[in-house]
Structure formats: structure tokens, C-alpha cells
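Q: Sequence:
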Amino acid sequence: MAIIKRNIWALFVLVLLGGAAVLSVSLAARWQTILSDEQAYQAARAELVGQAVESLLRTQELVLDVIGRELLRREEGLLDASRQIPLLDSILEVDPILRGFGLARPDGQLVRVSTNLDLDRLPNLLTHPATRQSFLQALDSPAMVVGRTYYVEAMDAWAIPIRKALRTETDEVKAVMTAGLRLGSGATVFDQVLHDGDSDGVILYRENDGYVQFMSREGVGPEQYSQVFRPESVRQQDRRLLEEQLGIPVEEVKARGRAVVLSTQRQGQSFVTAAQFIGRYGLWAISETSMAPLYRQFGAYLSGYLLVFVVLATVLFWLFRIIDGAERYRRAELLHLSRHDELTGLRNRPGLLDRLDELMAQGTAFSLVVVNIDNFKGINDRFGQESGDEVLAAFGRRLRSLVAKTDDLARLGSDEFAVLTPSAEPSAVEHACRDLARELAETFQAGRLRLQLTASIGVAIYPGHADSPNKLIRSAHVALYEAKQSRNAVCVYRQDMDLEYLRRLQVEQRLRYGLAAGPCTWCISRRWMPRAPRWAWRTWCAGTTKNWGMLRRPSSWRWRKKAG
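By the count of my numbering, the sequence shown reaches residue 601 at its end, each step adding exactly one.
Everything labelled a hint here was simulated from the structure, so no lab data went into it.
If you anchor each label on the Cβ, the simulated ranges turn out as follows:
(1) D391 / Q273: 46 to 54 Å
(2) L156 / R204: 22 to 30 Å
(3) R303 / L64: 24 to 32 Å
In silico lysine-lysine, DSS-like type, Cα no more than 30 Å apart, as pairs:
(4) K414 / K508
(5) K521 / K414
(6) K442 / K508
(7) K521 / K508
Note that beta-carbon positions come from the ideal geometry of N, C-alpha and C, so glycine has one too.
Put together the whole structure using the sequences plus the hints.
A: Here it is, written out as C-alpha cells:
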């Protein structure tokens, strides 16, 4: 019956794990496919938008440069007075992307504009808050500068300003050609619907100040995204995120020329984000989508597999319940046996260590009492191992009857027992242990034997004598070693016992080493026969040591061959 149950359990686990493994692998592969496809799509879209924006801006930069230089070449005293010129209107007809043209002096004053612009309503580009930063940047940059998207009152429309500094051969700024990119013309990337739904979006923002230049998102227009500003702290977090996920510096990401994909968090939502840097114009093209649609897509695929898996698991569940009761009982029994002594039924050493960990975690003081039966080896030698086991079982029962019910008992070794008691006062514990030793010394019946046994007791107190379970047991054993010197005695651990214990242990080890190494080692170090003449103990050593060929005299360092 046990074999059948074990086979059914193995079959159930095998089927369950096999089904779960197949399900997990299939779902993981499906999820990876969904995520990879979405990452590839976002990266491709970011690159496409980045290339479209860069191509558009490069074309307009060329237009600004050509027109500006042509104006400077044609007119003398061009920068002296401000007026409208029809020449710029013809260019606007050819290039409908542009809202208007203007030529400004380095001090920000517009001197030439297209006729669709009212000079009286145009601000000074150097002093106006919306244009000052990009105008100053244009004065310092050899490339065209893209300004912040803002509402141009003179045009009565939203526009993206672009500015190109016209320089002399000595790199001195002579004038700044400016224009506005039209939003809403339907002919540029800025007018296309680039997003795919409510949770999707395409963003273009400036690297130097973090202002959002353009955004394609459901229900968001220039009125909303032109007010969005990514503070320096947020941009620093973005840079750290890039470096952590990609493992390369941000500057290397910028120089790649390809979109990079990473996972981002914003307002409690997770996004798959692709970023493409347009280095010439200092813009980031961001394509992102929320993870929610991916989760929904994955959930639809997941539901079918889970339905099949749940049905199969339900069929096997009832069989598992029948087996589960017997298995839990068996597991509990094995756990009990792993923490308890089979002979006495008391805790064993691992069980005692677990109990010590529990008590130390509570932070309460307690005492560990180690009880060792004196001369127990004689019982095994005289009456045999079976009688010795009966004596140990009887001694454990007797010890259980003598200690308090709140105390914990354990058997540490052959004839060694431990008691955990909540009492932590040294004098009280010592007095209780002496009473225990006296009661244990009384005659008791163990099977067919009637014996009178004595016990030596060592005591260690937490936290005064140790701060860990192993150290506490060691301290109790040191005290027990001291008590064993007198037999049927009680000893509470003291700090000075460690030194005495280590000294005795060292002497014992040296004696063992000396006996194992032979007389030569001890003779040469003059630990044997210290009062004998040097030649005497050398000759004795040479005569008694096997294979001794030469002796080295410590005083003269001469070598002497073995005599005889």
C-alpha cells in the first residue's frame, strides 16, 4: 500500500511539474515574443521619427543659411533698419512648412521679416523669455538651434522656432536667421499621428533644458506639452537608468546613432521605451508604450492554457488530498525524529540548537545545564550495550520527573543530557543543580538493574556567559569539565575557566605529541632529563632512536655520527 501511495504521489508531482514546466516555457516564450516584438517596434519608430526630424531640420537649416547669406549679400545697410520684404514671402509659398522668416541682429532685434509678420508684435529675441535661451544658444552654436515650442502672437499660431547664426570668415556672428516651423500643416512629421492608442506616445524633448518640444499622444496638443518641463533631477535619473540597464555611459549611447530600448517607470506605470538621440540638434526622440496592453495581450493567451491546466489539476486534486493527509503525518513524524533522540524521546543536539535560537531571539535570560553521568562506561562494559540503553532511557525519565515542567530537556550525547531553565540567577541555579545532583544520586530501577548513579553538572547562563548557541554549549562544557574533576559536583561557568581549560588541553596535546614523536624530539628540546649532562642525553637519544645517523650539538653546531 505504501509503495502504491508513493507511486501515485510521484506520478502526481511529475504530471503537475511537467504540466507547469510546459506551461511556463510556453508562456515565457510567448511573453518574450510579445515583448521583443514591441521593443523592436518601439526602436524602429524612435529611429524613424529621429531620422525624419533630423532630415527636416537639416533641410531647413540649409534654407536658413542660404536665404540669410543672400540677404546679407544683396542689401547694404541691412542691419540698420527694420522692415518687411516680399522676397521672403515667395520662399514661404515654395516651402509651406515654414510660418515666417526673420533676420535678427546679434542684439536680438529683428531687421527683416516676411510680410505675414507684424513687426510691432514681434519681440526682441534676446530679451523675450520664450526666445532668449535658444537665441543665446544660436549665437554660440555652429549648427542650427531648435527653440522651445511656443505660441507666436505675431503669427497667431503655434510654431517651433529654428535659428541659424550667420558668421563671417573670422567666426564672428553677423546676424541670426530665424523661422518658425508650422504645426498643423499636415506636411511634416510634427503633424502626423505617430501614436497608436491611449497608452502609446511619441515625445521629442530638448537635451539641454528638458523642455518637451513635441508630443504625439491621445488628447494632448501644443497647449499641454509646451508646458511640460523635465527637471534636471528627472533627467539625471533617466541617465542613470540608461547606464544601469545598458551598462554603458550615456555619452556612448548618444554616439551610437541607433535607438536603445529600456524599461521605465512613471506615475506608477511601467513603459517600454525606445530612445534615439539627434546629436546635431540636441534632441531626444522617445517612443514609448505602456505595459498594460502587452499584459492584456499576454493575458488572453494565458487564459486558454490556464483553463486546461486547472481542469487537469482539479481532476488530480482529490487524489492528492487523500495522499496529502498520510504524507503530512509522515513528514511531521520525520521532523520529530530529526529533532528528538530515538532512545529517550528527548530533544537531540539539533533540536537543542533550534530551541536555543528561539530563546535567544526572544532576548530573555536563561540557563543551560549540562548533566553528565559519572563512570557510565563501566555500565556498558559490565552489563552490555542493551543494558546501557535501558539505563539511559530510565535516567532520562528520572531527569524529566525531577525538573520543572517549563524546562526543556535534551540528550547531547551518549551519557550527556542538557536542561534549559528560565532561571538566570547564578546562585539560584547552582542551588537547584545541587539539589538535582543529590536527587539523581538516589537508587533507581533501570530494567533488571537497580543502580545508584552520580552525575556531574556544568552550568552556563545567557547572555552573561555567551552570545550564541554554540558558545553557550561550549561554556557549559567547560564548567562540566571542571565539575568532572571532583565527580558528582556542580560548577557554574566563570571566565577564568577558559584559560585553565585551554592550558590543560595544551599540556595534554603536547604529551600526546611527545609520545607519538618518540624521545628524540623531547630530548633535543631538553624537556626530558634536564639535569643530565648534555653528552649523556645525546648518547641516550642516539642509542634509543631508530635510524639516528647524526646529532647536531646546539652549542657548537657540529655534526656527530651515531656511536655503535
